[in-house]
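Asker: Given next are the chains, with one letter for each unit.
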Amino acid sequence: MLLCSRSRDLNRSKDWVVIQTVEKNVTSIRLKIQQIIDNVKTLPSNDSFSVIVKVVLAVLLGLLIVYLVTLVVSENPQEAFKAFITGPISQPNRISDWITDAINLTMLGLAISIVFQANQFSLGAEGQLIFGAMAAGAVALFLPPFTGLFIVGLIASGVAGFLWGVLPGVLKAYLGSDEIVSTLMLNFIAVQIYDFLLQNFFMPPGAGAILSDVFPAQGLLPVLGGKVRTSAGLIVAVLAVIIVWAMLYRTPYGFNLRMSGFNEKFAQHIGLNVKQVIWLSMAVSGIFAGISGGILAMGVHTRLVQRISGGMAFEGIIVSMLAQNNPLLVPVAAVAYSYLRIGADVMERTSDVSREIVIVVQAIMILFLTVQALPRIRNLRLKYAFGRKKM
Amino acid sequence: MKLRDAAFSNSSSEDVFALKLQGVSKSYGNVRANRNINLSVRKDEIHAIVGENGAGKSTLMKIIYGTVEPDSGRLEVWGKPVQIRSSLDAIRLGIGMVFQHFTLAPNLTVAENVVLGAEPSRFGWLQAKTIEDVVNSLGSSFGFHVPTKALVRDLSVSQQQRVEILKTLYRRAKLLILDEPTAVLTPQETESLFDIIRKLRAEGHTIIFISHKLLEVKAIADRITVLRQGENVTTVDAENVTPADIANLMVGRSVLSKVTRSSSKPKEKVCEIKDLTVLSDAKNEVVKKISLTIHEGEILGLAGVEGNGQSQLIECIFGLRSPKSGRILLKNCDITSYSVSQRRRLGIAFIPPDRRTSGVAEQAKIFEVLLADRMSSPPFRKRMFLDQFQIGLKAKELIKEFGIKTSSPNSPVGSLSGGNIQKVVLAREISSNPKLLIAAEPTRGVDVAAAEFAHNRLLDALKQGLGILLLTSDLDELVLLANRIAVIYKGQIVAIEKNRPGLDLKQIGRYMMGVDRQDASLLAQQGFESL
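Protein chains in written order, with this note's numbering: chain A, 142 to 532; chain B, 14 to 544.
It is worth saying that the hints were derived from the structure and are not from the lab.
Model, not experiment: these values are computed from the prediction.
Hints are not guaranteed to be accurate.
Using 27 Å as the maximum straight-line C-alpha spacing, the simulated DSS-like pairs for lysine-lysine come out as follows [stated by the list, open to error]:
#1 A:406 / A:416
#2 B:33 / B:296
#3 A:406 / B:226
#4 B:282 / B:302
#5 B:33 / B:93
#6 B:226 / B:511
#7 B:296 / B:75
#8 A:416 / B:511
#9 A:406 / B:33
#10 B:476 / B:519
#11 B:476 / B:503
#12 B:519 / A:406
#13 B:212 / B:231
#14 B:282 / B:413
#15 B:280 / B:296
#16 B:378 / A:406
#17 B:231 / B:280
#18 B:226 / B:75
#19 A:406 / B:407
#20 A:416 / B:280
#21 B:226 / B:56
#22 A:406 / B:75
#23 A:406 / B:93
#24 B:212 / A:406
#25 B:33 / B:344
#26 B:511 / A:406
#27 B:476 / A:416
#28 B:56 / A:416
#29 B:511 / B:302
#30 B:212 / B:33
#31 B:231 / B:282
#32 B:409 / B:378
#33 B:511 / B:280
#34 B:56 / B:75
#35 B:301 / B:231
#36 B:344 / B:226
#37 B:413 / B:378
#38 B:407 / B:476
#39 B:476 / B:302
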């Protein structure tokens, strides 16, 4: 304002040019600052604050019920509950387990958040994880060992996950198949292929158990840390969070994905190729699920084992829902959720209460979260009931 | 019943008001929908209530019909102070409501719909014959003819409206509230609705008529109450005011009710549609061999009763639907097989009729929706990333230029009012510098000021030499803006008229209803002839 009024008086003077440039700079700086403020405001806005409150409430309520149940079923409920609550941080190796679990849940949560933001209810992370693990195993076992082999393994697992995501994506986009059904069925197919290949190719002849050989050292993820240790998967996960966030919010590809997730009709009207967005979202999601399989094989099990995922991919759905599909909140949710998982593990090992108790907490959280997600699910059902409009 | 008898016993006196509101207020949170409203509706009058969107009309009606309880104020019906707590109370007091969106069961017959909820029965058994007789005699006593055995889903909109009116009459309503009843009707249908309304008045009914079409209000109403920003401005006798007076009262300032339409000279063709045939979702031919030409600097208006193929036609021109046969040329370039994004790049823009569902994504942020069609191209894309700075600059510029009322470009679009959402769509489509703009219902559901803004924006854009295909169900808007008017009926263009002063709207109405059509040779001449 001040500059404006002064500039009018100085209109003809030689200072005019200087003031004009200053003004221009000030305006652009002000705009930039405003933009930064706007961005900060929209990051974890008041809306996601209420989400966090809700999640915390859900966890507390779950813990309360766990406590009541242990009171009934356990000989020594105090001990058991203490193991559950403090277990994950009671010993360095348990902390390591916690971090490792959180890494995998982060990767899977990211994978799910991509498809959910595109409004595709793809549940294929399990199969993608298995294919990722298999690809990593193939690279580690069959390529001649060289330094950095594990990087090739990670890339291969990402590619494998991508390809196993293309399949249901194309089925959905161009043939109109239901992605929930097709991805679930493809998960079974992936498990069978994995088991078949494991027994016939990866398993060394004459082995007593269905396991592959341990990968050569070059094919394993480098170990980080000392007493509390984890694999280089930690770095991969941190990078993945940044990459997914930037992809969704800072690239045209992510923009198109989110717009078509918000409103498919709108996406068509602004000229997006919605079919492409659909299959590509499922495929790109597969990259992160696949890499998570690679981390499991090369960083956790150090070999290919049966049932390598342990149903973890479905935990990714809970993590993504907890984080409201926001890639920046995914690691937070993953850390919190894996704490509960490891806590239940410790409790099972040290007391007479089984680890299934964590399912109670899980159930209550899901109840809380689905109450919120209900309108979306209802829309989905309506969509199926009345058929989709031609795309 | 007791209440009702008491109410009617008094109605002999002349001074009695059918409805009287004193100091009625209602707030939703911080928004004061109604402030200290006083309204008195005389017995046996047609009382129009006019006001812009958001002026508080619908809240007021909900208060009268008992679906919303006022914070303060007194209601009197037939001279007795009452409290209306539910629509059942309202019905018991003889108040009937015809909503803008009908509340009929499409799979039941007309007769069943009329009696639904208050069926005449004998020992708990419904008797189809009795029901039909009752409804028939009710209809003929007011001079309506509705096919009582027909299913409601097979009726036209105006017939459905009559069923709604019959429903209220069957429940012995003496005070009828009609919410925007003419919004969906052709001129002829409106006229026959007005006959019914006048007949009802003659039979001793009182009618509250809500509308924003001022000519109609002037034509039908005895008195007019104007609402503005939740307050009643005044009540006037319809005889003593002109439509322009009412408009000024509504907006609170004088409105340019005339926009200046430039009389354009013959110019180049922007878009040519040749023998276009389009199928509906159900694979019926809903557009049959349509040919149209749109010129530079011209608005071609497309008139027609909803469901005559116009939506499929514009979807096809925009590329959302592929044609069965025929060609579409944009500046002599055949774009028939192009995708939406290719067409957008070549210069077609589209303001969709249902803006909330296809014009915007409500959860997306304003800046995202404003520039959604051009995010993937420079200057908004820098290599593989979005240039947040450029995007923010352009979005702020558009928000300012189009007067979109928002605290930040980062707010979700869903937080905007309907008028502002419409501005977002207008801003995006017009700022894409199209050659052909397809504007479908550009002012549906927005208030007078926003409609005026949109009209002026469209006319400004016209000066830059684009062609506009305007599809609207509001004939007044069509006459106000269009240079030529094409009428579509059952998937065919039945008439093309130049818009000139003294154009016979009734003739357009006859074309719209398929009663009349232009000679084929004249049509061909009108269609391809430049202005």
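Asker: Indicate, hint by hint, whether the structure satisfies it.
Answerer: Evaluated hints:
1. A:406 / A:416: holds, 12 Å
2. B:33 / B:296: With Cα atoms ~54 Å apart, residue 33 of chain B and residue 296 of chain B exceed 27 Å; violated.
3. A:406 / B:226: violated, 31 Å
4. B:282 / B:302: holds, 19 Å
5. B:33 / B:93: This hinted pair holds, its Cα atoms lying about 9 Å apart.
6. B:226 / B:511: holds, 24 Å
7. B:296 / B:75: At roughly 42 Å apart (the allowed maximum being 27 Å), residue 75 of chain B and residue 296 of chain B break the hint.
8. A:416 / B:511: violated, 42 Å
9. A:406 / B:33: Not OK: residue 406 of chain A and residue 33 of chain B at ~46 Å, beyond 27 Å, violated.
10. B:476 / B:519: violated, 30 Å
11. B:476 / B:503: Violated, at roughly 33 Å.
12. B:519 / A:406: It is violated: about 37 Å lies between the C-alpha atoms, which goes past 27 Å.
13. B:212 / B:231: This hinted pair holds, its Cα atoms lying about 18 Å apart.
14. B:282 / B:413: Violated: residue 282 of chain B and residue 413 of chain B sit about 33 Å apart, past 27 Å.
15. B:280 / B:296: violated, 37 Å
16. B:378 / A:406: Holds - the C-alpha atoms of residue 406 of chain A and residue 378 of chain B are around 17 Å apart, at most 27 Å.
17. B:231 / B:280: It is violated: about 39 Å lies between the C-alpha atoms, which goes past 27 Å.
18. B:226 / B:75: At roughly 21 Å apart (the allowed maximum being 27 Å), residue 75 of chain B and residue 226 of chain B satisfy the hint.
19. A:406 / B:407: Cα-Cα ~24 Å, so holds.
20. A:416 / B:280: Not satisfied, since the Cα-Cα distance of roughly 39 Å exceeds 27 Å.
21. B:226 / B:56: Given pair residue 226 of chain B, residue 56 of chain B holds - Cα atoms ~24 Å apart, limit 27 Å.
22. A:406 / B:75: violated, 33 Å
23. A:406 / B:93: Not OK: residue 406 of chain A and residue 93 of chain B at ~52 Å, beyond 27 Å, violated.
24. B:212 / A:406: violated, 45 Å
25. B:33 / B:344: violated, 61 Å
26. B:511 / A:406: violated, 35 Å
27. B:476 / A:416: With a Cα-Cα distance of about 37 Å, the restraint between residue 476 of chain B and residue 416 of chain A is violated, given a limit of 27 Å.
28. B:56 / A:416: Violated, at about 60 Å.
29. B:511 / B:302: Holds, at roughly 22 Å.
30. B:212 / B:33: Cα-Cα ~23 Å, so holds.
31. B:231 / B:282: Distance ~41 Å between residue 231 of chain B and residue 282 of chain B Cα, so the pair is violated.
32. B:409 / B:378: holds, 13 Å
33. B:511 / B:280: Holds, at about 16 Å.
34. B:56 / B:75: holds, 20 Å
35. B:301 / B:231: Status violated; Cα separation ~39 Å.
36. B:344 / B:226: Status violated; Cα separation ~38 Å.
37. B:413 / B:378: holds, 16 Å
38. B:407 / B:476: holds, 22 Å
39. B:476 / B:302: Distance ~31 Å between residue 476 of chain B and residue 302 of chain B Cα, so the pair is violated.
Hint compliance for this structure: hints 2, 3, 7, 8, 9, 10, 11, 12, 14, 15, 17, 20, 22, 23, 24, 25, 26, 27, 28, 31, 35, 36, 39 are broken, all remaining hints hold.
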